[in-house]
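Novice: Whenever a hint applies, use it, and build me the whole structure from the sequences.
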Amino acid sequence: MGFEWSRDDVTVGDGFLRIAREQIGKAIAGAENSQESPERRVHEARRRCKKLRALFRLVRPGFAGYATEDAFVRDASRGLAAARDMRVTQQTYIELMAWAHRPVPPLASDASGHDGEVEAVRSFADQMRELDRRSRDWRLERIDLDTLAAGLKHTYRRGRHTGREANRHRTDGAFHEWRKYSKYHWNQLGLLEGCAGEILPAAHKCAGDLADQLGLHHDLAVLQDLLRTAPAELGPDIDVGFAIDAADRRQAEIESRIASLGRQVFAEKPKALKARFSAYFDGWMSREAAE
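Here the sequence shown is numbered in the UniProt record's numbering, starting from 1 and rising by one per residue.
Keep in mind that the hints were calculated from the coordinates and are not lab data. Beta carbons are placed, not taken as given, at the ideal position from N, Cα and C, and that holds for glycine. There's no promise every hint is true.
Below, computed lysine to aspartate or glutamate pairings styled on EDC-like, alpha-carbon distance capped at 16 angstroms [claimed, not checked]:
1) K180 to D219
2) K180 to D70
3) K50 to D212
4) K180 to D75
Between beta-carbon pairs, the in silico distance windows are [claimed, not checked]:
5) R74 to R21: 17 to 23 angstroms
6) A279 to V118: 18 to 24 angstroms
7) S109 to N167: 35 to 41 angstroms
Specialist: Structure representation (structure tokens):
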């Protein structure tokens with residue numbers, strides 16, 4: 001089954017457990033897939049972590065283990081991030097130079113990067129096996145459609161708040177915080193897409209586009225930090241002044257897209273969003289009963 005509730009789920013709580021265990025299983029399988037490159041395995045593992053954390057937030061009021069398991073998955077994802085940072089930063093620099101129509105000078109090799117990623121995904125798989133074992137003992141309280149509507153509202157409200165803060169302060173940290181909640185909101189819309197399949201795919205795509213643009217903004221911020229503090233780690237012949245200026249200009253361009261997408265994704269008041277999804281859920285259940 002996909003990353004969403006299904007008509008085969010006996011209860012909403014059963015659906016949560018199924019989805020969580022499927023994602024954990026896929027996280028383990030992806031991390032141990034030797035046919036894929038370590039780079040791809042790290043990327044997929046981080047993607048599963050984001051999905052799990054969005055799922056946990058959606059059922060937070062009825063999931064007694066929320067705080068423990070969310071922190072566990074967060075820390076597992078952080079262990080993966082360290083192994084990919086330099087590779088991603090180098091790729092960000094290459095793409096920035098292409099955008100600025102500048103040739104790319106020789107970059108520093110990261111001989112330890114491959115080994116670091118292999119070790120990171122091995123450790124990650126072990127952590128996910130531990131999480132899978134613990135999931136058999138998860139204690140659920142009431143998890144129903146009202147729980148999902150409340151969880152969606154909570155994440156969405158945080159997305160609106162962090163968006164306002166980013167637009168007010170315009171710091172890299174504020175944009176990064178907005179990115180996190182935009183990503184959670186995007187994943188949660190994907191989980192609930194089946195309740196209004198004629199309407200939600202477009203909203204889901206728009207939220208994903210916003211998260212992607214915020215991700216690009218964050219990657220440029222990481223690159224700028226390295227350029228200002230340790231440019232030799234990137235390469236010996238980097239034109240630091242030009243690269244920082246280009247990154248500033250590229251971020252400004254991206255911020256205009258972020259502003260437009262953010263107005264669309266977070267146009268609604270949280271209370272209205274919850275009411276709308278409650279209506280979707282009512283219609284969803286009526287259709288299920290009729291079929």
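Novice: Now tell me if each hint is right for this structure.
Specialist: Hints versus structure:
1. K180 to D219: Since the Cα atoms of K180 and D219 sit roughly 13 angstroms apart, the hinted pair holds (cutoff 16 angstroms).
2. K180 to D70: holds, 14 angstroms
3. K50 to D212: holds, 13 angstroms
4. K180 to D75: holds, 15 angstroms
5. R74 to R21: 17 to 23 angstroms: Check passed, 19 angstroms falls within 17 to 23 angstroms.
6. A279 to V118: 18 to 24 angstroms: The hinted range 18 to 24 angstroms is violated for A279 and V118, with Cβ atoms some 49 angstroms apart.
7. S109 to N167: 35 to 41 angstroms: Given range 35 to 41 angstroms: holds, Cβ gap about 40 angstroms.
Violated hint: 6 only; the structure is consistent with all others.
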